[in-house]
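**Q** Sequences are here, hints too, so could you generate the full structure?
So you can see what is in the structure, the chains are spelled out below.
There are 2 protein chains.
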Amino acid sequence: MLPLLLFLFLLRPYSTTLNAETITTINVWPKPRNLTWTSPHQTTLLSPTFTITTTTPHNNNHLTAAITRYTNLVKTEHHRPLIPPTSNHSNNLPPLSSLTISVTDPNAELIHGTDESYTLTVTTSNAKLTALTAWGAMRGLETFSQLAWGYPTRVAVDVRVWDAPLYGHRGVMLDTSRNYYPVKDLLRMVEAMSMNKVNVFHWHITDSHSFPLVVPSEPSLAEKGAYDVNMVYTIEDVKKVVEFGLDRGVRVLPEIDSPGHTGSWALAYPEIVTCANMFWWPAESDWPNRLASEPGTGHLNPLNPKTYKVLKNVIRDVTTLFPENFYHSGADEVIPGCWKTDPTIQNFLLNGGTLNQVLETFINNTLPFIISLNRTVVYWEDVLLDETVHVQSAVLPKEHVILQTWKNGHNNTKRIVSSGYRAIVSSSDFYYLDCGHGDFTGNNSAYDNQTGSDKNNGGSWCGPFKTWQTIYNYDIADGLTEEEAKLVLGGEVSLWSEQADETVLDSRIWPRTSAMAESLWSGNMDEKGMKRYAEATDRLTEWRSRMVRRGIGAEPIQPLWCIRNPGMCNTVYPI
Amino acid sequence: MLPLLLFLFLLRPYSTTLNAETITTINVWPKPRNLTWTSPHQTTLLSPTFTITTTTPHNNNHLTAAITRYTNLVKTEHHRPLIPPTSNHSNNLPPLSSLTISVTDPNAELIHGTDESYTLTVTTSNAKLTALTAWGAMRGLETFSQLAWGYPTRVAVDVRVWDAPLYGHRGVMLDTSRNYYPVKDLLRMVEAMSMNKVNVFHWHITDSHSFPLVVPSEPSLAEKGAYDVNMVYTIEDVKKVVEFGLDRGVRVLPEIDSPGHTGSWALAYPEIVTCANMFWWPAESDWPNRLASEPGTGHLNPLNPKTYKVLKNVIRDVTTLFPENFYHSGADEVIPGCWKTDPTIQNFLLNGGTLNQVLETFINNTLPFIISLNRTVVYWEDVLLDETVHVQSAVLPKEHVILQTWKNGHNNTKRIVSSGYRAIVSSSDFYYLDCGHGDFTGNNSAYDNQTGSDKNNGGSWCGPFKTWQTIYNYDIADGLTEEEAKLVLGGEVSLWSEQADETVLDSRIWPRTSAMAESLWSGNMDEKGMKRYAEATDRLTEWRSRMVRRGIGAEPIQPLWCIRNPGMCNTVYPI
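Protein sequences appear in the order of chains W and L. Under our numbering, the first residue of the first sequence carries the number 146, and numbering increases by one thereafter. Under our numbering, the first residue of the second sequence carries the number 146, and numbering increases by one thereafter.
Simulated from the structure, these hints should not be mistaken for lab results. One should not assume that every hint holds.
The list treats identical chains as interchangeable, and a pair is accepted whether it falls inside one copy or across any two copies.
[As the list claims (entries may be wrong)] In silico SDA-like links for lysine to any residue, alpha-carbon gap of 20 Å or less:
hint	residue 1	residue 2
1	451	223
2	454	506
3	329	359
4	676	388
5	384	374
6	454	465
7	454	359
8	543	626
9	220	236
10	676	596
11	552	596
12	369	228
13	631	312
14	552	593
15	543	625
16	369	227
17	385	170
18	676	593
19	451	675
20	673	478
**A** What follows is the structure, given as structure tokens:
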């Protein structure tokens, strides 16, 4: 123990002025690339007749919808910040009566690489937003909405923003097969994504557990494969989600996972699925002889011609339903044991064939077809990198194929881009939102343990839980050359739904996805090149609070006490 | 790799008849001690004029309220089970028109040890519920409500239940200081507790972060110490929660943590709090020289007479507000460094005094007072077992003191009961619901890690996440003699609110608390003495589904697919 006086000497006085900058500047999340609010910080009232208009006529209905929505939001939100920005409110300034938007190319499509940059200036006389595209204008509108708060509504003036994302692909993957999510919950998620400038909803629609998508030309798949007649996504539902996304600058990227993860297809077409309805992990079997990575078996049979008849109908309809020009074809976790249960495949193997050839047959029978529908095809990395079953890169033309990485952190990102493929990063060590809640499988004796000594993952294969800081700090292009880094399109957090449904959708996704959103939009470093997670903490608490007021059930990251006492909840003092 | 034919031999066929018993019997959670539903299982309709009455008049308003509530529930719930019980519905049976309740002692108080046993019989002609107390009758009413489902409502008949809890104390501890919970959320939690036959809401009301309780004789504590004028619990709020609990057989046990965890008191009375508003963890300091276990410093000063003036006012008012005859006085985590910042205590130490004596002074100035108010006092185990600051057991009369254990699993339970104290078990290795979500402190460089190699607790001091199975399987009296085991009153799961507020209240607490509820009510073993977690899985999914329909946002534990395919989501086949 330290001598008492020495100990007292070590104590440092508490000062509320430390970190004052953090809480007195205006909070926009994700932090813009460049935002200045001229000192002394001034605000003015929002005029009751406030309007948002465009400088020239346009016929982009999505932009019109966004303008209507944001006009209503800024006039009615009356957000109450936890720590109001320190500012001078002058009654002499005229109220802000309008925001004028100028869009160079209002008809530019919402596709990967669309320009999302914007500039926003709010002066004492007016507010102006300029963007190349409607999608950039939507980002600027979101920023503008975050410059307003209070009752009556006040707006920061003498603000200048230039903004643009570091990465074009900033997504959330949601699995709607293991558990079903009502459409209203999907819409709320998309709404929150747009608040965070997250622009891709990667919809993992189908899997072995249920087939909720109503496919017009193959209606029996959902009729028999959905959990319930009410637990489906109809054509109208899909249109609603797609349109809702377009109104908010969010692409809806469909995934029909195949050839693995297709057990639910067997309810309509048992003849095209191998190993359906078998126990996933026969006793004593090692990985190649398991039937599935987890409960829920079934792989499409690449050697059965009927497989392609059904699958091509599905692909054709999905590309009709979803205008998005990326199509995700899955191809993760092909398990040898599953295909080996099928007599046709057994014969093929006995005659010298290999499982790699079986997968290659599948890819060759589907990839050119998807490409012919004007789609860029996304696969999970397994199709090329899986140790037991994969294809050669010659089968996967680089101009048409993107690989999504989820294993081995930076190593597999490097392998993908150094091979010349574009990559979407979803490292399970950093970006998997479901991790850390234990294993979901039943009768697991590992949990019958009276010592409390299990201090590891608690049964979660990808544990521990990914904190917002873990996500925020992940550098998706770490260790890549400049050329390689250009092939990284961006990243996606993933929520697999073994232990999730609408009851926990908001809290699993938010505010952790906000952490990714900022990291991929404007980075995770300050002007000096230092990681800014310390400074981001109070900002994220503030932003989470605004999301909650907007109806998103984001979970808290700290006691409210912490933002009220800047720096005092730090691990190391002062910051 | 296994030869192909041998491998195929290992695969076992899938049969839906396995575990059929699990899903065809009626699901009541927690499982009653004894429930029989005579074969062939029959149901009848609930009469539209169904009533619940008592055999003799009584003047227990809480029982009357429960009868009204359950009458409405069984008539309007129309629960749709995921897997409906297999039964024969006969249109020839008369509809069930009434449930008759016979209570031996309707005025028995709701205190620890109150008899909660009941018998329930539902025959083709009538339903009868008998209990010694109103509280036992409420347990039986809950069970009855779970025997009904469907539209129109049908009820299982030829059912006989005898039921009683293994442990009298089955609780949830909720911390409303680190983050605030609106009253409506507390009520919903109490409602869910009663559904699960959980009977103690241990309300950790105050702590260093905020003081939300309006204490009539010390109003400045909440005026200055609450987060906001709207983030308080008024006298009316407390009455509402207490009455709401009584209507549901749930005791509301208040905790005013002291002498540690009292930083929020300093906003009203800085002179009675040591080390308030100081940084919690001075650089390089080890545990005894930290100022708090986590951010938020402040200990009441036992050597300042004014401390007792304020504290006794608080204690007196709290015992008036809460009729519950247990009073929780906290006394956890007294940190030497905090007291050592105070000149009076420094002097005391320089003159040969010890911190143990300082704590003893505190206990001797408060414990007799609380006892004089007819309260049994609960302390966290630290008061006796903490390694650095604790008192001798002579200071803590066993007939008046109960110790709540949270450290070192079974070891500390054993130490408590083998010393002759009664114990409430809240082992942080098993029963802490907040664990596994990372550390909440800011600027922690541990999360800036590009390797993804942190496979341990992910920053959570008590990680990993406690799964429902971990909770279900914990044997709170493991390793105790029969005599010692009698001193274990029961257990409590705890939700500390660093990273929780109303947005995640339901999902953090449910259905994991249901796991504790069954384990403490009827145990975690089947008739053969084998752990029944495997069999409990589908039942818990079914029960969680009913809770969700009742408005409790309990999180899912498996894909819906699992209960639809019994045994197929197991770790080991078949069960």
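**Q** How would you classify residue 454 and residue 506 at a CA-CA limit of 20 Å: within, between, both, or neither?
**A** This pair counts as within: shortest intra-copy Cα distance 14 Å, inter-copy 83 Å.
**Q** Could you figure out if residue 220 and residue 236 sit no more than 20 Å apart (CA to CA) within one copy, between two copies, both or neither?
**A** within (19 Å within a copy, 60 Å between copies)
**Q** Given identical chains, is residue 676 near residue 596, meaning Cα to Cα at most 20 Å, within a copy, between copies, both, or neither?
**A** Only across copies: residue 676 and residue 596 sit 16 Å apart there, 39 Å inside one copy, limit 20 Å.
**Q** Using 20 Å as the alpha carbon limit, work out where residue 454 and residue 359 are close: within a copy, between copies, both or neither.
**A** within (17 Å within a copy, 70 Å between copies)
**Q** State whether the alpha carbon distance between residue 451 and residue 223 is at most 20 Å within one copy, between copies, both, or neither.
**A** neither (58 Å within a copy, 43 Å between copies)
**Q** Between the shortest in-copy and the shortest cross-copy C-alpha distance, which are at most 20 Å for residue 451 and residue 675: within, between, both, or neither?
**A** Close neither inside one copy (56 Å) nor across copies (48 Å); limit 20 Å.
**Q** Under a CA distance limit of 20 Å, which applies to residue 676 and residue 593: within one copy, between copies, both, or neither?
**A** Intra 42 Å, inter 8 Å, cutoff 20 Å: inter-copy only.
**Q** Checking an output row: residue 543 and residue 626, CA cutoff 20 Å. Within, between, both or neither?
**A** Only inside one copy: residue 543 and residue 626 sit 19 Å apart there, 69 Å across copies, limit 20 Å.
**Q** Check residue 454 against residue 465 for me: Cα-Cα at most 20 Å, and say if that holds within a copy, between copies, both or neither.
**A** Classified as within: same-chain Cα gap 17 Å, cross-chain 75 Å, threshold 20 Å.
**Q** Indicate which option fits the pair residue 369, residue 227 if close means a Cα-Cα distance not exceeding 20 Å: within, between, both or neither.
**A** between (50 Å within a copy, 17 Å between copies)
**Q** Since the copies are identical, ignore which copy is meant and state whether residue 552 and residue 593 lie within 20 Å (CA to CA) inside a copy, between copies, both or neither.
**A** Between copies only: 19 Å across, 30 Å inside.
**Q** When Cα atoms must be at most 20 Å apart, do residue 543 and residue 625 count as within-copy, between-copy, both, or neither?
**A** Within. Shortest intra-copy distance 18 Å satisfies the 20 Å Cα cut-off; inter-copy 66 Å does not.
In the structure shown, a violation is registered for the earlier hints numbered 1, 4, 17, 19, 20, in ascending order.
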